[in-house]
Structure formats: C-alpha cells, structure tokens
Amino acid sequence: MTGRFITLEGMDGAGKSTHIPTIIQVLEARGIEVVSTREPGGTKLGERLRELLLHETMHAETETLLMFAARREHIATVIEPALARNAYVLSDRFTDATYAYQSGAKGVDINKIQTLETWVQVILQPDITLLFDVPVEVSMQRLALARAPDKFERETAEFFTRIRQAYLRRAEENPARFRVIDANQPLENVTKLVQDIVATL
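If you read the sequence shown in our numbering, its first letter stands for residue 1, the second for the next number, and so on.
I should point out that these hints are in silico values taken from the structure, not numbers from a laboratory. Certain hints may be false.
Unchecked claim - The following label-pair restraints were derived from C-beta to C-beta distances: (1) 112 to 172: 14 to 24 angstroms; (2) 156 to 31: 39 to 49 angstroms; (3) 65 to 191: 34 to 44 angstroms; (4) 187 to 110: 32 to 42 angstroms; (5) 154 to 29: 19 to 29 angstroms; (6) 30 to 151: 15 to 25 angstroms; (7) 137 to 81: 40 to 50 angstroms.
Ideal Cβ placement from N, Cα and C applies to all residues, glycine included.
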C-alpha cells in the first residue's frame with residue numbers, strides 16, 4: 001500500500017464538503033488510514049491564516065502569498081508525514097483553488113502562482129482531484145440558504161462564473177488527475193458517483 005493524495009475542489013455552494021464523510025467511510029472500510037484536512041487551514045498556523053483570508057479585505061497578491069504560506073506549513077506538517085506513512089490524505093481544497101479564485105476570479109498573474117507552486121510544493125501534486133461542478137445560479141441559491149457567508153461567498157455571479165471557468169479549464173488541462181462530477185443532481189446520485197470513483201483508488 002502507498003499513500004495517496006486526494007483533493008476536493010469546486011466553487012462555494014457546489015457541495016463538495018458534504019461528501020467528505022462518505023469518502024472517509026469507503027476508504028476506512030478497506031483498512032486505509034485517512035487524514036482529512038482542509039485549505040486554507042489544516043494546521044494551527046493555517047487556521048489562524050484562514051480567518052484572515054476568509055474575512056479580511058486585502059490585495060489579491062497578498063491573499064495569494066498567504067495562501068501559499070499556509071500551504072507550505074500544511075504540506076510540511078500534515079500532508080507529507082501522512083503520505084510517508086502510507087496514509088491517504090483527503091484535502092478540502094488545494095492549489096487548484098488558488099488558480100481558480102486568485103488567478104481566475106481576481107486576476108493574479110498565473111505565472112506568479114506557478115512559481116509559488118513550484119517553490120512550495122516542489123513535485124507534490126494530488127493523485128486525484130474530484131471537481132464538484134454546478135451552474136453558478138445553483139451555487140448562489142445554495143449559499144443564500146447557508147450560514148453567515150465569508151467574503152468569497154458574498155461575491156457576485158460574475159465572480160463565480162470566472163471561478164467555474166477556471167476550474168473547468170484546469171480539469172481540461174489535467175484530464176488524468178481530475179474527475180468532474182455533476183453536482184447539480186439529487187444528493188444520493190452524487191454520493192453514488194463519489195463512492196464509485198473512490199472505490200477505484
């Protein structure tokens with residue numbers, strides 16, 4: 001057995017976090033140790049940075065740098081040690097989110113993100129990324145019914161459209177890694193899709 005790195009991506013309201021318990025259950029039933037984590041966050045420092053990133057107004061490049069600072073700590077203290085002991089790491093968001101939110105939606109130069117990615121991750125990439133995709137109007141309807149929104153969740157439909165386009169572009173550019181899931185279906189249908197994908201890992 002070798003460790004695997006699984007990431008969940010999608011714009012706010014896509015429902016990705018709902019399926020984390022299902023994925024954990026499927027993997028643990030096979031005797032696999034699962035480390036479930038999130039970005040930004042995943043460490044004591046990362047969670048403190050998360051509060052700033054989700055609620056403080058800042059320049060988009062500052063936001064990007066803080067995301068990668070939290071990511072470096074996350075990789076060094078959580079992800080790499082777990083993979084080294086052959087655990088499966090399940091992360092709610094990773095670097096694809098930075099490409100979607102900070103570059104796709106906020107216009108940060110993609111070359112700068114690529115440079116930071118190489119510096120912070122070296123060669124680390126997810127083994128598989130589940131991209132939960134829904135139309136923008138569905139995302140916004142779901143967010144309207146959710147808890148108090150953070151600064152990203154309060155953004156406009158145009159902002160979310162750019163995020164969705166960036167995510168789908170990432171999936172098209174990395175077809176071997178991405179599994180795009182139509183999350184605009186009844187929950188039980190999406191759950192079945194997720195179970196079928198995870199069963200093959």
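For this session: Take the C-beta atom of residue 65 and the C-beta atom of residue 191, compute their distance, and say whether it sits inside 34 to 44 angstroms.
Result: holds (37 angstroms)
Exercise. Do the Cβ positions of residue 187 and residue 110 conform to the proposed distance bound of 32 to 42 angstroms?
Worked result: Because 34 angstroms falls inside the window, the suggested range holds.
Exercise. Are residue 156 and residue 31 spaced within 39 to 49 angstroms by their CB atoms?
Worked result: The hint (39 to 49 angstroms, Cβ to Cβ) holds, given that residue 156 and residue 31 are roughly 46 angstroms apart.
Exercise. So the hint says 19 to 29 angstroms: do the beta-carbon atoms of residue 154 and residue 29 match that?
Worked result: The hint (19 to 29 angstroms, Cβ to Cβ) is violated, given that residue 154 and residue 29 are roughly 39 angstroms apart.
Problem set entry | Pairwise beta carbon distance, residue 112 to residue 172, judged against the given window 14 to 24 angstroms | Since residue 112 and residue 172 have Cβ atoms about 22 angstroms apart, the given range 14 to 24 angstroms holds.
For this session: May I ask you to test the hint 40 to 50 angstroms on the CB atoms belonging to residue 137 and residue 81?
Result: Because 41 angstroms falls inside the window, the suggested range holds.
Exercise. Does the Cβ-Cβ separation between residue 30 and residue 151 fall within 15 to 25 angstroms?
Worked result: For residue 151 against residue 30, whose Cβ atoms are near 39 angstroms apart, the range 15 to 25 angstroms is violated.
Of the numbered hints listed earlier, those contradicted by the structure are 5 and 6.
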